[in-house]
Structures are given as structure tokens and as C-alpha cells.
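So the protein lines, in turn, are chains G and D. All the letters of the first sequence, read from the start, carry residue numbers 1 to 206 under the numbering used here. All the letters of the second sequence, read from the start, carry residue numbers 1001 to 1227 under the numbering used here.
In case anyone wonders, no lab produced these hints; they're calculated from the structure. Where a beta carbon is used, it is the ideal one built from N, C-alpha and C, also for glycine. Any given hint might turn out to be false.
As the list claims (entries may be wrong) - Covered by chain G, according to a simulated footprint, are these stretches of chain D (three or more residues, beta-carbon under 8 Å):
1. 1042-1053
2. 1063-1076
3. 1175-1187
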Amino acid sequence: MSGMRPEQELPTQRLVAVPPPQVRGPDANELLARVARGDERAFAELYDLVSARVFGLIRRVLRDPAQSEEVAQEVMVEVWRNAARYDPGRGSATAWVFTIAHRRAVDRVRSEQAGVERVRRAAAVSAETPYDDVVEAATARIEQQQVRRCLGTLTELQREAITLAYYGGNSYREVADLLGTALPTIKTRMRDGLIRMRDCLGVTLA
Amino acid sequence: MTAVDIHSLVGAYALDAVDDLERVAFERHLRNCPTCAAEVAELRETAARLAEPVAEAPPPRLRDSVLARVAHTPQERPKQPAGRRAEPGRRWAWVASVAAAVLFAGGVGTGTWAITRQHFINQTSQVDAVLAAADARAVTQDVEGGRITMIISPSHDAAVALLSDLKPPKGSYQLWMIDATARPVGLTESGSGRFYIRGLAPTFGLSKEPKGGSKTPTEVVGKLDLR
Chain G
1 MSGMRPEQEL PTQRLVAVPP PQVRGPDANE LLARVARGDE RAFAELYDLV SARVFGLIRR
61 VLRDPAQSEE VAQEVMVEVW RNAARYDPGR GSATAWVFTI AHRRAVDRVR SEQAGVERVR
121 RAAAVSAETP YDDVVEAATA RIEQQQVRRC LGTLTELQRE AITLAYYGGN SYREVADLLG
181 TALPTIKTRM RDGLIRMRDC LGVTLA
Chain D
1001 MTAVDIHSLV GAYALDAVDD LERVAFERHL RNCPTCAAEV AELRETAARL AEPVAEAPPP
1061 RLRDSVLARV AHTPQERPKQ PAGRRAEPGR RWAWVASVAA AVLFAGGVGT GTWAITRQHF
1121 INQTSQVDAV LAAADARAVT QDVEGGRITM IISPSHDAAV ALLSDLKPPK GSYQLWMIDA
1181 TARPVGLTES GSGRFYIRGL APTFGLSKEP KGGSKTPTEV VGKLDLR
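Just chain G, with the same shape it has in the complex (with noise of 0.2 Å):
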């Protein structure tokens, strides 16, 4: 990520030595096209890429290390088998790939836990407000920061509603008890906070 020199100020020769300004990695829609038409490398390649965020995304839903090992391996190998499903068209390929993430975190955890207990998780989840929770191993992206950004720009309702459903894989019914809020009105935060998380993040499907 910091590739970036003052070259004006370089001898020529040694620019040779500066490596190329390679701010971004290998695009993952390129990958994936790749990995549909078979190539094991290219699969490897988008491993690297999302891992950190597949991994991470469900162990915050699951909060279980083992488990969320487990379903992580699941969600990467039906990415692998599933890779010539994925259409540009409809969305980006991390998206594509998150989605599937989230989708198996959120079953899991909804197939193995009485409502009960899960919504005691739940409580504690919230008490955790993970958009400020910096994970450190994870290197300072500029879309960490703009996605975390963007969450403050929400209220309070609305950050509270999206986040205790995305992270802590609550149903919107099970959001509206926590927070002790009408189910229509939930409904509503999450619609018109992701609207807002949208236009904040700037997210368009060319």
C-alpha cells in the first residue's frame, strides 16, 4: 500500500529498483472469472484476497474461532465450485463472495441456537459496537476506514439496527425486541441506513 515515491528526485538508475506503484492487488473480478474457467493459481490468488474479510465476517457473526474456521473453509470451496455462477452484471465479485459468507454464518448460527440464547449473544454483540473495534491484523484499508466513516454518518438507530443484524446475525424481528422498537420502524432504519451507507460509500452497479 505505500508504494508511492517522490521519483523527481531519483537518479535515474536507480529507478529500476523502485517497484512498480501498485496500490491495489489483483482485481477480484478478474480472479473469479479465472476461477470459473478452472485455474487453481487464480483460486489461490482470490483466497489471499478476501480471506481476511470471510474469515472475519464470520467469525463476528459466530463469534467461535473453531466453528467459524469451519464454515469459512465451507463458504471459499463453494466459491470454487460455485465460481462460474457469479455474473459481473449484478454485482462485484467481493460482494458476491461476502454475500455467500454471511448467508452460511447467519444459517449456522440460526440452525444451532434456541432463540433465547442467541439473543443474549446478540446483547452482547451490541455492547461491543464493532465498527470501532479495530482489527489489527488486518492492514489500514482505505475502505475499512471509509466503510467505518460512512457508519458514523448514520443514527444511532440505524447503525444500531444494520450492525446487530449483519454482525450479530439477528432477525429484524429479533433487532426490533433488542432495541425495544416497533417492527415497522426497524424495517425502515434498515432500509433508508443502508440507503445512506449507499450514497455515503458511493456504491453504483454499472
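Chain G is fixed; fit chain D onto it per the hints.
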């Protein structure tokens, strides 16, 4: 639910915060509403960005085991290999295919569902077909502290049974399709699970059985009229 009611779930849907029944209803709604589908795709994309701030490096062994498994895992063919059109109205299909791809997979490895991985692979597209069928309808019943939902498609002669939060059985829950006789169609030791069932009958039944199931129902705890 009216179209307005169901569309109010768009945010919750994008966050995976709806239950299975609502998801099916919402995805059916999307098929008839291209602009809704575009909104969903954008909100899904937005929600996925929430993975950024919680990134956490997995243990290195995960990479090794994933790559080892991938080396022995065949890939699915694309769903629509030729002549695929990209009109906006079909954006929902991307969402739906993701949903279907994970619908059965969530419990694989937990040991709670009475299906094998190979069954799962075979069943993914079948479940997809039932959920997407134009004639699909849902029947629900509260039973054993939880709920059974059946998504039924007569044109596919098939159903998807969803068990959610039933009290864990002492032995097993067994699923049956019942007409003149009762045909066993599934077995689980958990109070939650999803089952693809081929072959409809007038009645669906759920019974408590000794572990491993029985040839005929022992104690029927739920009956749903599928007609």
C-alpha cells in the same frame, strides 16, 4: 402481504435478517419488480462492504486445507451457459442463486441434518427450482415450540420443509408424506433443518421417533394439509 408490505423488507432482506418464509416471499416479489431488484442488488453490495472493517487474518492452516479440498472438488457448470441476457429485471437471479447456493449448505458439517454432502450438491438446484417455481406456495404450523414451514410446488411435485427452533427431540424427528400410507422422507436429531422432498402427498406429517427413525410414525406431533 401486499407488494408494498413485502417491499418494506428490502433492507432486512439485504442484511439476511428475514426468516426463510419471508425470503421466499420477497424473492417472488423481486421477480415481478425490476426496479426493486436493482435496489436489492445495490443494498446487497452495500451490506457486503461491512465485511471490510472486521477483517481478521485466518489461521494459515485454513489456506492449506481449502486449497487441498479445491484440488479435489469439481466445479458446477454455469446455470445459463449460452444466450444469457443482461436486462436489469434478472438481477434478482444473482441474489436468488446465492441464496439457493447457501440454503442447504449452512448445516453441512454440523451433523444436524440427515443429508450427506453429495445429497446437498444434487439438491441445490432442485431446492432452487422449488423456491423459484411460479406455483410455489407456503404452509406453516407452530409445533413443539417452533415452526414448520412447507414450500410446495405441485408443478415440480416437490417441497422444501423448513424446521425452525423446535424443541430438540429425545430421539429423532421424522418427516412423512402421508396419503393411504405414510412414506418417510427425512430424519433429524435437531429442532431446526431444511429438507428437500420429492413426491407430494395430501398431508405432511412430523413425528417423534426413537433415534434413527421408524418404518411407520410412532407419535405424530404435527400435520399439515398440503392440498
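Each hint tested on the structure:
1. 1042-1053: holds (count 12)
2. 1063-1076: holds (count 11)
3. 1175-1187: violated (count 0)
Violation of the numbered hints given earlier is confined to hint 3; every other hint is satisfied by the structure.
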